[in-house]
Amino acid sequence: MSTVLDRLRKFTDALADFRHLVVISSVVFFFIIGVAFFLVYQNARVMRDQINYDFNQQQLILAQQAASQIDANVEDIEVELRSLKGCLETEGLPFCEGALEGALERTRRKGLVEIGWADADGRILETHSAEDVLPLDPRRIQASCRWDSSGKMVLGPLTVENPETKDLRISGLLCTKVRLRDGGEGILFGRLDATQLVARSTQEIRSGRTGYAWVIDETGMFLFHPERDFVGRNAFTVRKERKPYISFVEINRIMKEQMLRGEQGTGVYMSGWHRGIEHQLTKLIAFTPVRGEAISASHTWSVAVVAPISEVAEAVHGVYLRHFAAEAALIVGMFVFGLLALLYQQRISKALKERVKQTEADLHEQERIYKRVVEQATDLIYILDLDMRIVLLNRHSVETFLHLVVREPEGKVPADLDMTNPENWIGRRLDELFPAEDASFMRRQIDRLLEQQSNLFYDHAISVRGRKVHLSTKLIPIRDENRTIYQVLGISRDVTEKMEMDQRIYNTEKLASIGTLAAGVAHEINNPLAIILGFTDLLLERFPEGTPEHEDLKMIEYNGKHAKKIVENLLAFARITEGLEDTVDIKRSIQTVMTIVRNTLMTKKIDLVLDLPDGLPRVRGDDREFQQVVFNLVNNSVAAMERGGRLIVAARQEGDWVRVSVTDTGTGIPDRIKPQIFDPFFTTKRVGEGTGLGLSLCYGIVKKYGGRISFTSTSAEDHPDKPSGTTFMVSMPVWHAEEALEGANP
19 MSTVLDRLRK FTDALADFRH LVVISSVVFF FIIGVAFFLV YQNARVMRDQ INYDFNQQQL
79 ILAQQAASQI DANVEDIEVE LRSLKGCLET EGLPFCEGAL EGALERTRRK GLVEIGWADA
139 DGRILETHSA EDVLPLDPRR IQASCRWDSS GKMVLGPLTV ENPETKDLRI SGLLCTKVRL
199 RDGGEGILFG RLDATQLVAR STQEIRSGRT GYAWVIDETG MFLFHPERDF VGRNAFTVRK
259 ERKPYISFVE INRIMKEQML RGEQGTGVYM SGWHRGIEHQ LTKLIAFTPV RGEAISASHT
319 WSVAVVAPIS EVAEAVHGVY LRHFAAEAAL IVGMFVFGLL ALLYQQRISK ALKERVKQTE
379 ADLHEQERIY KRVVEQATDL IYILDLDMRI VLLNRHSVET FLHLVVREPE GKVPADLDMT
439 NPENWIGRRL DELFPAEDAS FMRRQIDRLL EQQSNLFYDH AISVRGRKVH LSTKLIPIRD
499 ENRTIYQVLG ISRDVTEKME MDQRIYNTEK LASIGTLAAG VAHEINNPLA IILGFTDLLL
559 ERFPEGTPEH EDLKMIEYNG KHAKKIVENL LAFARITEGL EDTVDIKRSI QTVMTIVRNT
619 LMTKKIDLVL DLPDGLPRVR GDDREFQQVV FNLVNNSVAA MERGGRLIVA ARQEGDWVRV
679 SVTDTGTGIP DRIKPQIFDP FFTTKRVGEG TGLGLSLCYG IVKKYGGRIS FTSTSAEDHP
739 DKPSGTTFMV SMPVWHAEEA LEGANP
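Per the working numbering, residue 19 is the first one in the sequence shown, and the count goes up by one each step.
Quick caveat, the hints were computed from the structure, so don't treat them as lab data. It is possible that part of the hints are untrue.
To be verified - If you anchor each label on the Cβ, the simulated ranges turn out as follows:
hint : residue 1 : residue 2 : range
1    : Gly294    : Tyr476    : 47 to 57 Å
2    : Asp72     : Leu299    : 29 to 39 Å
3    : Lys579    : Gly120    : 46 to 56 Å
4    : Gln470    : Pro112    : 18 to 28 Å
5    : Leu404    : Glu149    : 42 to 52 Å
6    : Pro688    : Glu428    : 18 to 28 Å
7    : Ile295    : Asn61     : 28 to 38 Å
Every residue, glycine too, gets a C-beta built ideally from N, C-alpha and C.
Kindly produce the complete structure, drawing on both the sequences and the hints.
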């Protein structure tokens, strides 16, 4: 009996131990399942949040690009207005009337719909506007024009025009005060269509599949929204009017506490519609302010890019469903299915990792796209730290700055270092790369930017392979999360061609005006001058040579003939716009001039080098006038080589042009007088040795036949350590027989 009881007790104890094991195993299993559920939930939540964050960062980049483009368009309009202001202050309205219309045409697509000139009381004197735009109400000038104490342009209050029609427009005025040469004042204004301005930069934005952008101002008014009915309405009220049963507390808070204060950030909010589909949904939003000076000085515009969070959630929604189904099956299948669940979890994790990897690859691809945009930009784009170390620069910057690098032994850059590789620029300070004066100039600009804590604009010039390049530069501070400036973004635009074009237009118009004046003056002087010389000749016959009277009369005759020569030059200058269309044999004309001046060159100890190939085509022009151009250029070169030197006259065909160059080794033209070199009556020769009309005549003759004339010069005065000399280039269009046939058969 005791033996049976002992066995029964052992069985009972074993059964109890088994139940305990089952209970303990079950508790451990469910604990593991609970931990697994928790970890999976955490993993899914973290992954969802990360994807939402990355998506919002992409939206923020789109918003920043749109804001930068708006800023750039406003800046282009400001540049046009500043250029017009300079024209009005120096030349006056009649001279600049065509420039007003040209500026409107260039900036029309960027949002400028009207440009005009008003007096100090706001009365409009001249205006140009787009065809579909009614002229500005003069009362808005006094009410809306703004500028700060330094005279910089500030965008005035916005006005909603035609609010009840499809032609609704939100406009503001960019104004600047202009002081005329006669002491009077006026107002140059530009009427900016804010709706068109922001729509140009935002209407094509697509975030994800269906996301879009909208823009509000500091009052909460929509400047742009895909829902056309929203434009011009208050964002705080128009949503509630459409969907009164939805709470817009969060988006209203974001707009009020962040966007209207000019802050940048991201968030989530509830909405009641999207792309024509009306239902309650959650959206991701990224927003950034427009930071341009003209706008930020009086307005706070904010660009927002939004997209439904469902577009992001769809990417992982299926994963969530399969995961929870697997966990439910795991409970039913106990330990066996636990192993399958583990394998499935690994599979899901791999899929999520691939998704994250793909997202990162997409981000890297976008980064590569941005880099390509920067590399292919025609502007010079570079980033410096506060010690002037180069952090980044694009290819165009390398190609331009390459010619400024000072190599060993004069500088610190190794002579054999390949500076065409952008990587060799990174980390180097400007004072290690460039001449001291260029580096110190940039140091001063960075200090100015740090002092004013905002964007800095300035114009300057650099010398690239002996050619002066004019740059218009904008320095933009780059701030860290504490709003502290730690780097500087520089964007420089080559405006040399624009400046040269403006100067050529100015010279042409000035020559035409002075030519008319010169003709009148010459004719008025010529008649009394002929009488003086005639009577002087009669008096000379009455007095024998050697008498005081005879000497006095010879002096009168000498100066009278000198005055007659000046009159002849004036008449020649006045006739540069006349004459018949003809053709010129370049080589023969140059050889004719060289025959005339060859003896002079020999007596002046000047070596002549002619490079005139055979077969040069004929060009448009007149033989006599072209010889006059070459003679004047050679004569100036001879005057610049008082101690002898070398004169090179060459001609080359370049496409549809024949280029003639006259190069000397004389003293060169100082930088201070280069802008005046083609001005009539400007001369550096001594009194009585020149009239100052030689280069003016050359300029007029060349322009008359559609040619171009320019020069490069290194003067001993500005660069005593370099060889001095000057080269004048004259380019004339090739004459084609087809042109003659077209002229004969109109």
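Now the hints, each set against the structure:
Checked against the hint of 47 to 57 Å, the pair Gly294 and Tyr476 passes, with Cβ atoms roughly 48 Å apart. In this structure, Asp72 and Leu299 break the distance hint of 29 to 39 Å, their C-beta atoms being roughly 20 Å apart. For Lys579 and Gly120, the Cβ-Cβ distance of about 47 Å falls inside the hinted range of 46 to 56 Å, so the restraint holds. At roughly 38 Å, the beta-carbon separation of Gln470 and Pro112 lies outside the given 18 to 28 Å, and the hint is violated.
Checked against the hint of 42 to 52 Å, the C-beta distance between Leu404 and Glu149 comes to roughly 50 Å, which is consistent with it. A hinted range of 18 to 28 Å holds for the C-beta pair Pro688 and Glu428, which are about 24 Å apart. For the pair Ile295 and Asn61, the supplied restraint of 28 to 38 Å holds, since their beta-carbon distance comes to about 32 Å.
The structure is inconsistent with the numbered hints 2 and 4, although it conforms to all the rest.
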